[in-house]
Amino acid sequence: MITFTFNGVELTAREGQSVAAALIAHNERITRLTRAAGKPRGIFCGIGVCFDCLIIIDGQPNQRSCITEVKAGMVVAVQDGA
Amino acid sequence: MELRHQVIVIGGGPAGLNAAKYAANAGCNVALLDSAPRLGGQYWRHTGIESDDQSRHHNFDQGSLLMDAIIANPRITIYPNTTIWSASVINGEVVLRYKDGAFITSRLILATGAYDRSLPFPGWDIPGVMTAGAAQSLLKGSGVIAGKRIVVAGSGPFLLPVAAGLSSHGGKVVGLIEAAGKFAWLPEILSLLQNPAKISEGLGYLLTLRKAKVEMRFKQAVISAHADSDGLLESITVANIDAEFHITSTYSINCDVAAIGWGFTPDTSMAGALGLKEEVAADGSVVVAVDENQRASSAHSELHIFAAGEITGIGGSALSLAEGAIAGLAAADSRTNLRDLKKIRRKARRFALTLQRVYPIALGWKSWLTPETIICRCEEVTHAAIQSAFTELDADDARSAKLMTRCGMGMCQGRICSRNVADLLDSPDADRIKGVYRPIISPITLGELAQDGLL
Ligand SMILES: Cc1cc2nc3c(=O)[nH]c(=O)nc-3n(C[C@H](O)[C@H](O)[C@H](O)COP(=O)(O)OP(=O)(O)OC[C@H]3O[C@@H](n4cnc5c(N)ncnc54)[C@H](O)[C@@H]3O)c2cc1C
Ligand code: FES
Numbered sequence: 809m810i811t812f813t814f815n816g817v818e819l820t821a822r823e824g825q826s827v828a829a830a831l832i833a834h835n836e837r838i839t840r841l842t843r844a845a846g847k848p849r850g851i852f853c854g855i856g857v858c859f860d861c862l863i864i865i866d867g868q869p870n871q872r873s874c875i876t877e878v879k880a881g882m883v884v885a886v887q888d889g890a
Numbered sequence: 003m004e005l006r007h008q009v010i011v012i013g014g015g016p017a018g019l020n021a022a023k024y025a026a027n028a029g030c031n032v033a034l035l036d037s038a039p040r041l042g043g044q045y046w047r048h049t050g051i052e053s054d055d056q057s058r059h060h061n062f063d064q065g066s067l068l069m070d071a072i073i074a075n076p077r078i079t080i081y082p083n084t085t086i087w088s089a090s091v092i093n094g095e096v097v098l099r100y101k102d103g104a105f106i107t108s109r110l111i112l113a114t115g116a117y118d119r120s121l122p123f124p125g126w127d128i129p130g131v132m133t134a135g136a137a138q139s140l141l142k143g144s145g146v147i148a149g150k151r152i153v154v155a156g157s158g159p160f161l162l163p164v165a166a167g168l169s170s171h172g173g174k175v176v177g178l179i180e181a182a183g184k185f186a187w188l189p190e191i192l193s194l195l196q197n198p199a200k201i202s203e204g205l206g207y208l209l210t211l212r213k214a215k216v217e218m219r220f221k222q223a224v225i226s227a228h229a230d231s232d233g234l235l236e237s238i239t240v241a242n243i244d245a246e247f248h249i250t251s252t253y254s255i256n257c258d259v260a261a262i263g264w265g266f267t268p269d270t271s272m273a274g275a276l277g278l279k280e281e282v283a284a285d286g287s288v289v290v291a292v293d294e295n296q297r298a299s300s301a302h303s304e305l306h307i308f309a310a311g312e313i314t315g316i317g318g319s320a321l322s323l324a325e326g327a328i329a330g331l332a333a334a335d336s337r338t339n340l341r342d343l344k345k346i347r348r349k350a351r352r353f354a355l356t357l358q359r360v361y362p363i364a365l366g367w368k369s370w371l372t373p374e375t376i377i378c379r380c381e382e383v384t385h386a387a388i389q390s391a392f393t394e395l396d397a398d399d400a401r402s403a404k405l406m407t408r409c410g411m412g413m414c415q416g417r418i419c420s421r422n423v424a425d426l427l428d429s430p431d432a433d434r435i436k437g438v439y440r441p442i443i444s445p446i447t448l449g450e451l452a453q454d455g456l457l
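Going line by line, the protein sequences match chains A and B.
Sequential numbering from 809 applies to the first sequence in my numbering.
Sequential numbering from 3 applies to the second sequence in my numbering.
Treat the hints with care, as some may be off.
[Said to hold, decoys possible] List of simulated lysine to any residue pairs, SDA-like, C-alpha gap at most 25 Å:
hint: 1; chain 1: B; residue 1: K184; chain 2: B; residue 2: G286
hint: 2; chain 1: B; residue 1: K150; chain 2: B; residue 2: G233
hint: 3; chain 1: B; residue 1: K349; chain 2: B; residue 2: D63
hint: 4; chain 1: A; residue 1: K847; chain 2: B; residue 2: L405
hint: 5; chain 1: B; residue 1: K101; chain 2: A; residue 2: D866
hint: 6; chain 1: B; residue 1: K101; chain 2: A; residue 2: M882
hint: 7; chain 1: B; residue 1: K174; chain 2: A; residue 2: N835
hint: 8; chain 1: B; residue 1: K150; chain 2: B; residue 2: G206
hint: 9; chain 1: A; residue 1: K847; chain 2: B; residue 2: L208
hint: 10; chain 1: B; residue 1: K345; chain 2: B; residue 2: D63
hint: 11; chain 1: B; residue 1: K150; chain 2: A; residue 2: T820
hint: 12; chain 1: B; residue 1: K101; chain 2: A; residue 2: G867
hint: 13; chain 1: A; residue 1: K879; chain 2: A; residue 2: P869
hint: 14; chain 1: B; residue 1: K436; chain 2: A; residue 2: G856
hint: 15; chain 1: A; residue 1: K847; chain 2: B; residue 2: L234
hint: 16; chain 1: A; residue 1: K847; chain 2: B; residue 2: L209
hint: 17; chain 1: B; residue 1: K150; chain 2: A; residue 2: L841
hint: 18; chain 1: B; residue 1: K150; chain 2: A; residue 2: T813
hint: 19; chain 1: B; residue 1: K174; chain 2: A; residue 2: I838
hint: 20; chain 1: B; residue 1: K150; chain 2: A; residue 2: E836
hint: 21; chain 1: A; residue 1: K847; chain 2: B; residue 2: D230
hint: 22; chain 1: B; residue 1: K221; chain 2: B; residue 2: L209
hint: 23; chain 1: B; residue 1: K436; chain 2: B; residue 2: V97
hint: 24; chain 1: A; residue 1: K847; chain 2: B; residue 2: N256
hint: 25; chain 1: B; residue 1: K150; chain 2: A; residue 2: V817
hint: 26; chain 1: B; residue 1: K150; chain 2: A; residue 2: E818
[Claimed, not checked] Taking CB as the label site, the calculated pair distances span:
hint: 27; chain 1: B; residue 1: I346; chain 2: A; residue 2: E818; range: 47 to 53 Å
hint: 28; chain 1: A; residue 1: A844; chain 2: B; residue 2: V97; range: 33 to 39 Å
hint: 29; chain 1: A; residue 1: G867; chain 2: B; residue 2: P76; range: 38 to 44 Å
hint: 30; chain 1: B; residue 1: L405; chain 2: A; residue 2: E818; range: 44 to 50 Å
hint: 31; chain 1: A; residue 1: A844; chain 2: B; residue 2: D232; range: 46 to 52 Å
hint: 32; chain 1: A; residue 1: L841; chain 2: B; residue 2: R401; range: 29 to 35 Å
hint: 33; chain 1: B; residue 1: G29; chain 2: A; residue 2: K879; range: 38 to 44 Å
hint: 34; chain 1: B; residue 1: S193; chain 2: A; residue 2: T820; range: 46 to 52 Å
hint: 35; chain 1: A; residue 1: T820; chain 2: B; residue 2: A71; range: 34 to 40 Å
hint: 36; chain 1: A; residue 1: T820; chain 2: B; residue 2: S303; range: 43 to 49 Å
Because the hints were derived from the structure by calculation, they are not lab data.
Cβ coordinates follow ideal geometry from the N, Cα and C atoms, glycine included.
Same shape as in the complex, but just chain A:
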């Protein structure tokens, strides 16, 4: 087990899991809010094609949470707009 944070809260994950999967395991489904309508979005295609699961990882926005592996100590946050 490793730990990472999501919006400041510490969560556990298994190594090898995607960030999106690790979040869903804790029932966290919203990865970003849309630019125009501010609507919540989460994982959709699951394989890096649709860009709906964009999230901020270690300060970098626009990371696809479905194809990024979670790492110990990662700082993950919801992306507001984009």
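Given the coordinates of chain A, work out where chain B with the ligands should sit on it, guided by the hints.
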């Protein structure tokens, strides 16, 4: 950094794995590239943790044998985590760019696979609505069940392994909703029986679903989704539909995940960027056109470019394997007799066409849309905006409608919406092919461009 290889294979799924294996065994030095950290593609996606329960995978043994053989083969260099973001022909060679430089070759095998086909409906952007493949990849790749009350829906044989996988790993599947009729396969029984392995695989899934008491409903579809006060999926509206997909009556189901798949769409971006010939297949998808030896048609006749697997037409892993083997041997100029492989390919293609007849996607889904329904998820373009660009603003093709509304111009570059927009606008084949043209295959940041010396 510039890397040269005799044969380069893009995509480490069933097609690319076999292509690399056969080309290497025929004596070539081969590079196998994939954007994922591990080989396997969609079919053999795995967590890479030795102790993990590999029963999540049908035929995983076959896959691990193939992957192990490739890893051990000294003629094959594997480049994981390597996304090709542009492909072009420069001085008679193919130049493939990735974040650290470029690969260069005159023998290329494309095996970039497919992604779930999605149909739009009101609420399909609510978190909790996802593709069937997404639920599958969460399970296979990360060992995570997508939700607490899951509905699997859409159409086609792929819904069976998804629902069976979820329910046999502790997931609660509250319904499997299939648009085709319960006996839609009956008229095709003779041709289905030609492929006993696939039929027994299907029966296995049905047995699992029965044991888990998963209710299967036919001639139904998810036509809208509804969010709770947190904006998360709370319920879906399911409709009884006719053969044209028109709604006859509706009811609702509470669920936190709706995993919906309408078959697959090939990702031919690389072929478009290289100017290879593409065509519209029987199921309406754009595919790479190939000859008997999986060779694609290029204006640069000195180049040997091949395509294998889902990008030449949706047909599943067995077809991808056969096409990969043929492409690998042909790319290596091998004199091996391809007759047996071609026979397997012919049979698998025939089976794929049969399945398409059993699970047709009718255009009546257009009647599920409201004016506010999002069509382009990236740019949040609604059905009404597309219609008005088309009628009032006189955009007479998908391309003009796209420029006027930004539909298809977001991060996914129309991968999710272009097929639906083409259907909404009744586009001719030529427009469908133009609609999947993406000069930049995968988005790249300005920083990465600068690093590559392009800025
Ligand atoms: C999400 C999903 C789940 C699926 N699960 C199953 C299943 O459980 N059972 C089943 O029978 N079928 C499944 N399928 C169907 C699947 O299409 C076939 O079974 C089979 O995997 C197709 O093989 P392929 O080699 O043609 O392509 P794929 O297996 O899709 O392999 C293509 C590979 O190309 C790589 N790639 C694509 N673009 C680039 C690029 N620009 N740069 C570098 N690499 C790139 C991808 O990362 C991928 O690994 C699934 C499909 C999807 C989309
Ligand atoms: S869910 Fe589609 S890119 Fe991550």
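When you check the alpha-carbon spacing of B/K174 and A/I838, does it fall within 25 Å? Distance ~21 Å between B/K174 and A/I838 Cα, so the pair holds.
CA of B/K349 to CA of B/D63, is that 25 Å or under? Roughly 23 Å between the alpha carbons, so the hint for B/K349 and B/D63 holds.
Verify the proposed pairing of B/K150 with A/V817, using a straight-line Cα cut of 25 Å. holds (22 Å)
Mind checking the alpha carbons of B/K150 and A/L841 for me, to see if they're no more than 25 Å apart? holds (23 Å)
With the threshold set at 25 Å, check whether the alpha-carbon distance from A/K847 to B/N256 stays at or below it. Holds, at roughly 21 Å.
Could you grab the alpha-carbon distance between B/K150 and A/T813 and see if it respects the 25 Å cut-off? holds (23 Å)
Satisfaction of hint between A/M882 and B/K101, Cα-Cα up to 25 Å: holds (22 Å)
Given the hint that B/K101 pairs with A/D866, test it: the Cα-Cα distance must not exceed 25 Å. Status holds; Cα separation ~20 Å.
Would the pair A/K847 and B/L209 pass a check requiring their Cα atoms to be no farther apart than 25 Å? violated (40 Å)
Hint consistency between B/K150 and A/E836 [alpha-carbon to alpha-carbon, up to 25 Å]: Satisfied, since the Cα-Cα distance of roughly 13 Å is no more than 25 Å.
Pairwise beta carbon distance, A/T820 to B/S303, judged against the given window 43 to 49 Å: Between A/T820 and B/S303, where Cβ atoms are some 56 Å apart, the hint is violated.
Given hint A/E818 paired with B/K150 - CA-CA distance at most 25 Å: holds (22 Å)
In this structure, the hints that do not hold are numbers 9, 16, 31, 36, in rising order.
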